[in-house]
Amino acid sequence: MATVSLEALRGPHGYLRAQTRWRRTEIAFWLATLLPFLLFPSYLQLASQIAITALFAVSLDLILGYAGIVSLGHAAFFGLGAYAAGLISKFGWGEPLSGLVLASTLAGVAGYGASVVVVRFRHLALIMITLGMGLLLHEAANSASWLTGGADGLQGVRIRPLLELFSFDLWGRAAYAYALLMLFLTFLVARRVINSPFGLSLRGIRENAVRMPALGAPSRAHVRKVYTIAAVMAGMAGALLAQTTSTVSLEVLSFQRSADVLVILILGGAGRLYGGILGAILYMVARDQFSGINPQYWYFWIGLLLIAVVLFLPNGILGGLGRAAAWWRRVSP
Amino acid sequence: MLGSFVGVLFDGFAYGMLLFLLSVGLSVTLGMMNFVNLAHCSFAMLGGYVTVTLMDRLGWPFFATLPVAFLAAAAASAALERALFRPLYRASDLDQCLLTIGIVFVSVAGAAYVYGTVQQPVQLPDYLRGAVTFGSLRFPVYRLFLIGAALVVTVVLVAALEHTRFGARVRAAVDNQRMARGLGIDVDGVFAVTFALGSGLAGLGGALAIEIVGLDPSFAFTYLIYVIIVVSVGGLASIGGSFVAATLLGISDMAGKYYVPQLGAFLIYLVMVGLLMWRPTGLFGRR
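Just so you know, the protein sequences line up as chains A and B, in that order. Just so we're on the same page, our numbering is the position in the first sequence counted from 1, plus 755. Just so we're on the same page, our numbering is the position in the second sequence counted from 1, plus 119.
With the rest of the complex left out, here is chain A:
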């Protein structure tokens, strides 16, 4: 607690600089992400899925956790990225890195377009608009089966080896390295965005969207920017999934995927950057372990968990851990 008041004395810049400093736990965490290569070489395919899901969750965290925009249709950008990456490779451009850049750029353009609409709404209308746009895109992909393959999924996705050296095989070594690297790079960007004055004003918008313009921060322009950034990241996650698995199905655009990523983020803790990553690890590992049970019963437990988190753990697991740590510091001086 003493450190916080010291930061306050040094003013906003001191506060922001203190936020950007790397903590030991953070460095340990990122080093630990390399462990699967040594400890679980047969689970690298799962690990790459986790990294992709974590990237998707971090992108949702930017708009939901920081800017306070509830979205029930975030899978739209994930799916756009996935279909874009798949189609690019299908039409003969199988190089993964440039495909990734193209696919995420496309998702970003779509995200900017959507953001112009999204900033005009709050509350129920906002939830409905994001849900509606997600459903719209899902139906569009379903109808345009000449392009997307419809319900059968996209056929003929061929991805060249990464840097012409590492091919995406069943072991998933290249897949995990690729996904992890992209997760880390985008995480650095997200971390930089959040710990900038821009990131602070996003939090201001979350708390009071009407007051921020009065303080000189243009709410709508800020929301448009962060929404576009989040769309690029979501598109990148989708493209990664398409490239590492060489398949694209309608499921990437489904409401289920939007709901899943929301659950993951809330479970881990929204507005905390690491919340989405932690949530993705827990959720995906648990789903892998319980893959024997019928998916319908899986959602029974997810539902119970959601109810419990909302009622008893308002800021997710990371929020709960933070409170426990604060309590521990109080009782043991």
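Hints are supplied without guarantee of correctness; some may be wrong.
[As the list claims (entries may be wrong)] The following label-pair restraints were derived from C-beta to C-beta distances:
id: 1; chain 1: A; residue 1: T780; chain 2: B; residue 2: Y208; range: 34 to 42 Å
id: 2; chain 1: A; residue 1: A969; chain 2: B; residue 2: T400; range: 52 to 60 Å
id: 3; chain 1: A; residue 1: G971; chain 2: B; residue 2: V275; range: 52 to 60 Å
id: 4; chain 1: A; residue 1: Q1044; chain 2: B; residue 2: G308; range: 42 to 50 Å
[Unchecked claim] Calculated from the model, a selection of chain B residues having no Cβ within reach of chain A, i.e. all distances over 12 Å:
id: 5; residue: F182
id: 6; residue: A195
id: 7; residue: G249
id: 8; residue: A291
id: 9; residue: D294
id: 10; residue: R297
id: 11; residue: M298
id: 12; residue: L302
id: 13; residue: V306
id: 14; residue: V312
id: 15; residue: M373
id: 16; residue: T400
id: 17; residue: F403
Because the hints were derived from the structure by calculation, they are not lab data. Ideal Cβ placement from N, Cα and C applies to all residues, glycine included.
Given the structure of chain A, go ahead and fit chain B onto it with the hints provided.
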């Protein structure tokens, strides 16, 4: 050509009446407490399963099961309102959304566990089967009955809201909750009763829906989207708005499925997004 047009119009209207029954309760409770209850259709599904169970396993007649479906949904929603929803009235939209999505997940899985994922059959009494023919036009009796039932509910609802003391309290709480509290109206109590009644109507709608759209555990999700479209297009706490929106949605959905089946539900979502962009508070919304 004309015959099929009238047929689509009639089927769409009957379907719209079903959507109205399912959604009118949510419209009123959302307008009153601003509580985003995405679990509304779970209560409808409960009503449907109550009817199926009573008819199939206990041999009750169809009409006797309808009041039970209403009461079961109302009782379940009242219990949930007390236990889970009440602490969250002042919470954010997101928390309310998440809690109620959690309830939907649980109810869908619960229904799948008890009844399996197959469509549940319903045996209508003979006098509701068949159709009335009118020249070359054919009107199924059950749909006529559905329209009649929905119209009766509408008249009763409007009369109760406009001409009873309780209705006046509801309107006061919707218009200005703080002022209503200041005048000594027990808003929480009024809300609890309204919430139970609205969920009961959804339960009734769920029971009546089996014959038209079938009943399986995904009902709570599939129709949630329709119900929310009706509520957000019709405007909060507006019975007339819900009625018009449900009719429009029912007819345009039927027409879309009949004339341009390859577009699927695309048309409906397009209409919804377009309408919301044009009027974010709904066609008849005041806020």
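Each hint tested on the structure:
In this structure the hint that A/T780 and B/Y208 lie 34 to 42 Å apart at CB holds, the actual value being about 37 Å. The beta-carbon spacing between A/A969 and B/T400, approximately 24 Å, falls outside the hinted interval of 52 to 60 Å. A hinted range of 52 to 60 Å for the beta carbons of A/G971 and B/V275 is consistent with their spacing of about 54 Å. Here the CB-CB span from A/Q1044 to B/G308 is close to 46 Å, well matched to the stated 42 to 50 Å.
Every Cβ of chain A is farther than 12 Å from the Cβ of B/F182; the closest lies at roughly 32 Å, confirming the non-interface assignment. Every CB of chain A is more than 12 Å from the CB of B/A195 (nearest about 15 Å), matching its label as outside the interface. Consistency note on B/G249: stated as away from chain A, and its beta-carbon is indeed over 12 Å from all of that chain's, at 35 Å minimum. Distance check for B/A291 against chain A: the nearest CB is about 22 Å away, which clears 12 Å, and the non-interface claim stands.
The beta carbon of B/D294 is kept farther than 12 Å from every beta carbon of chain A, the shortest such distance being approximately 18 Å. With a least CB separation of 18 Å from chain A, B/R297 remains clear of the 12 Å interface cut-off, as annotated. Look at B/M298: its CB is around 21 Å from the nearest CB on chain A, clear of 12 Å, so calling it non-interface holds up. With a minimum CB-CB distance of about 26 Å to chain A, B/L302 clears the 12 Å threshold, and the non-interface call stands.
Listed as outside the interface, B/V306 is consistent with that label: its C-beta sits roughly 20 Å from the nearest C-beta of chain A, beyond the 12 Å cut-off. The Cβ of B/V312 lies farther than 12 Å from every Cβ of chain A, with a closest approach of about 23 Å, so its non-interface assignment holds. With a least beta-carbon separation of about 17 Å from chain A, B/M373 lies farther than 12 Å from that chain, consistent with its non-interface assignment. Not every C-beta of chain A lies more than 12 Å from that of B/T400, the closest at about 7 Å, which undercuts listing it as non-interface.
Distance check on B/F403: its Cβ is at least 14 Å (rounded) from any Cβ of chain A, clearing the 12 Å threshold; non-interface status holds.
Going down the numbered hints, you'll see the structure goes against 2 and 16, while the others check out.
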